[in-house]
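Residue numbers (numbering that gives the first Met the number 0), protein chains in the order written: chain S, 0 to 395; chain U, 0 to 64.
One thing to keep in mind: the hints can contain errors.
[Stated by the list, open to error] Simulated pairs of lysine-lysine, BS3-like, Cα-Cα distance not exceeding 30 Å:
1) U:Lys38 x S:Lys259
2) U:Lys44 x S:Lys167
3) S:Lys146 x U:Lys25
4) S:Lys167 x U:Lys38
[Stated by the list, open to error] Facing chain U, a subset of chain S residues (Cβ under 8 Å, in silico):
5) Arg53
6) Leu54
7) Gln247
8) Asp262
9) Met263
10) Val265
11) Arg338
12) Leu382
13) Ala386
14) Val388
It is worth saying that the hints were derived from the structure and are not from the lab.
For every residue, glycine included, the Cβ atom is placed at its ideal position computed from N, Cα and C.
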Amino acid sequence: MAGLAPIEMVVLQGTPFCNLNCSYCDLSVASRKRRWQMPLFIIERVFRSIFEDRLFGPRIVVVWHSGEPLTLPPEYYRAAIELIVALRDELAPGAVTLEFNFQTNGVLISDAWIAFFEEQRHHLRLGISCDGPADMHDAFRNNWGGKPTHAKVVAGMKQLSDAAFPFKIIAVVTDKTLADPDGFFDFFLERSSYLSGFHFNILADGELAAQDGLVYSRQDRDRYYAFYRHLLARERGVIEAGGAFRLQNFSQALSRILTKGQDMVVEASRPLRTINVDAKGYVTSFYAGLEKSAFPDQYGDGDGLSLGNIEQHSIAEMIAGPKFASILSDFQTSQSTCRESCDYYGLCSGGFELSKLSEHGRFNAAETAECAIIVKTLVDAVLDDMAEVAPLGKAV
Amino acid sequence: MVVRDPFFTLGKFAQQPWRNALKTKKQLDALIEMARAQKASGALKGRTTEADDTSTNSWGPMMRT
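Work out the full structure: start from the sequences and follow the hints.
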């Protein structure tokens, strides 16, 4: 296992079921209607495997996602957390810190959930998926009956803020966002005093993004550039006014710009950094949230990039197998192709191996539409914004 | 190289057709040097830096930024 990162994150699919039917969700409709629940014995298998084989670093973040976690009761999570903590205390006492995260759509937040969050506050973090004002959010995030969800999400966020429980926002950017960057920014700025973080996401230019309002290509650099620059200018306005609202997309890009020698392309999809376990015990790595259903025939077994099922094999056994070696080799091919051909390599956030496979049908390809819009245009915008605020005529 | 580019004057960039070309390696290197000089001189103007967090930024291979 030399050269493999220790496990830093474990994403558990407590259930694939979701109370919403967001049109851009990367889980299938069939999956999101299954009321499966990950049994506690699978959780035990996962963490015994991690602790007994010493696959952990100093900290593991356990995340419940890939399905709406709040459709299961608080009692389930209380039992799961107690189990994981007990296993840590038995098998790796004092060696690893545990943090528990929920990524939720926020619709089901209730007094009972607030009480649970309070009870677990010392090691629990929340992320809420909200796309901004109602017209942006409800264009894609509706329930199974097609009804809008924004009002319920806002109510959930208010309950959290009333309880002084901070949360991070993940917002998906669509054409509606690009058309009204001020509306988008102001919606979250108004709530920024109780946000622990804010990050916007752009869907990969694949099947999921092939919907009205989500389609983009390399030819859309202008409008994304203008969007980024507008948000950078708004963020600068907040900074100059003494405010604290920051967009993590920009903070992270700036970190890559300022830090010499890091290789996020390799780091972002480093195997074992993240382990995902679905409700039936199938394990993937390389990306947070990678589904077994993605690229099902890529490795000839119909199981996508799944490394196996935790009921049959430990994680150490999975990474000793030939499938893991094949995936790792493909990812390394992808990364070396980028390293050799892209001027933005050292500025890249990484994580585009599978979108490359989707667009080019192979790993030994270079730029994708995502690279152009999500990395290169963003970096250009951040650099140009910095040049903008440099003293007039300053030569470098 | 003078890094201030009037083409990108705030308030104008949104109305301007952007040069639909990537920066060259030379341009990137110059701008990165400028950014690092800003940091060294304490002129980041309150901008913060943060390590990439691939976990919560992007769920699954279909969401990236």
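Going down the list of hints, with the structure as the test:
As the CA atoms of U:Lys38 and S:Lys259 are separated by approximately 13 Å, the hinted pair is consistent with the 30 Å bound. Note on U:Lys44 and S:Lys167: the hinted pairing holds, with a Cα-Cα distance of about 24 Å set against a maximum of 30 Å. Between the alpha carbons of S:Lys146 and U:Lys25 the distance comes to roughly 51 Å, so the proposed pair goes past 30 Å and is violated. Annotation: proposed proximity of S:Lys167 to U:Lys38 holds, straight-line Cα distance about 27 Å (limit 30 Å).
For S:Arg53, the shortest C-beta to C-beta distance to chain U is roughly 21 Å, which exceeds 8 Å, and the interface hint is violated. For S:Leu54, the interface hint is violated, since its Cβ never comes within 8 Å of a Cβ in chain U; the closest pair sits about 17 Å apart. Proximity of S:Gln247 to chain U holds as hinted, the smallest CB-CB distance being about 6 Å (cut-off 8 Å). Look at S:Asp262: its Cβ only gets to about 11 Å from chain U, farther than 8 Å, so that hint breaks.
The interface hint given for S:Met263 is met, as the beta carbon of that residue sits about 6 Å from the closest beta carbon of chain U, less than 8 Å. Proximity of S:Val265 to chain U is violated relative to the hint, the smallest CB-CB distance being about 12 Å (cut-off 8 Å). Against a cut-off of 8 Å between C-beta atoms, the interface hint on S:Arg338 is violated, since the closest Cβ of chain U lies about 14 Å away. With its C-beta approaching chain U no nearer than about 4 Å, S:Leu382 sits inside the 8 Å limit, and its interface hint holds.
Interface hint at S:Ala386: satisfied, since its Cβ lies 4 Å from the closest Cβ of chain U, which is below the 8 Å cut-off. The beta carbon of S:Val388 comes within 6 Å of a beta carbon in chain U, closer than 8 Å, and the hint placing it at the interface holds.
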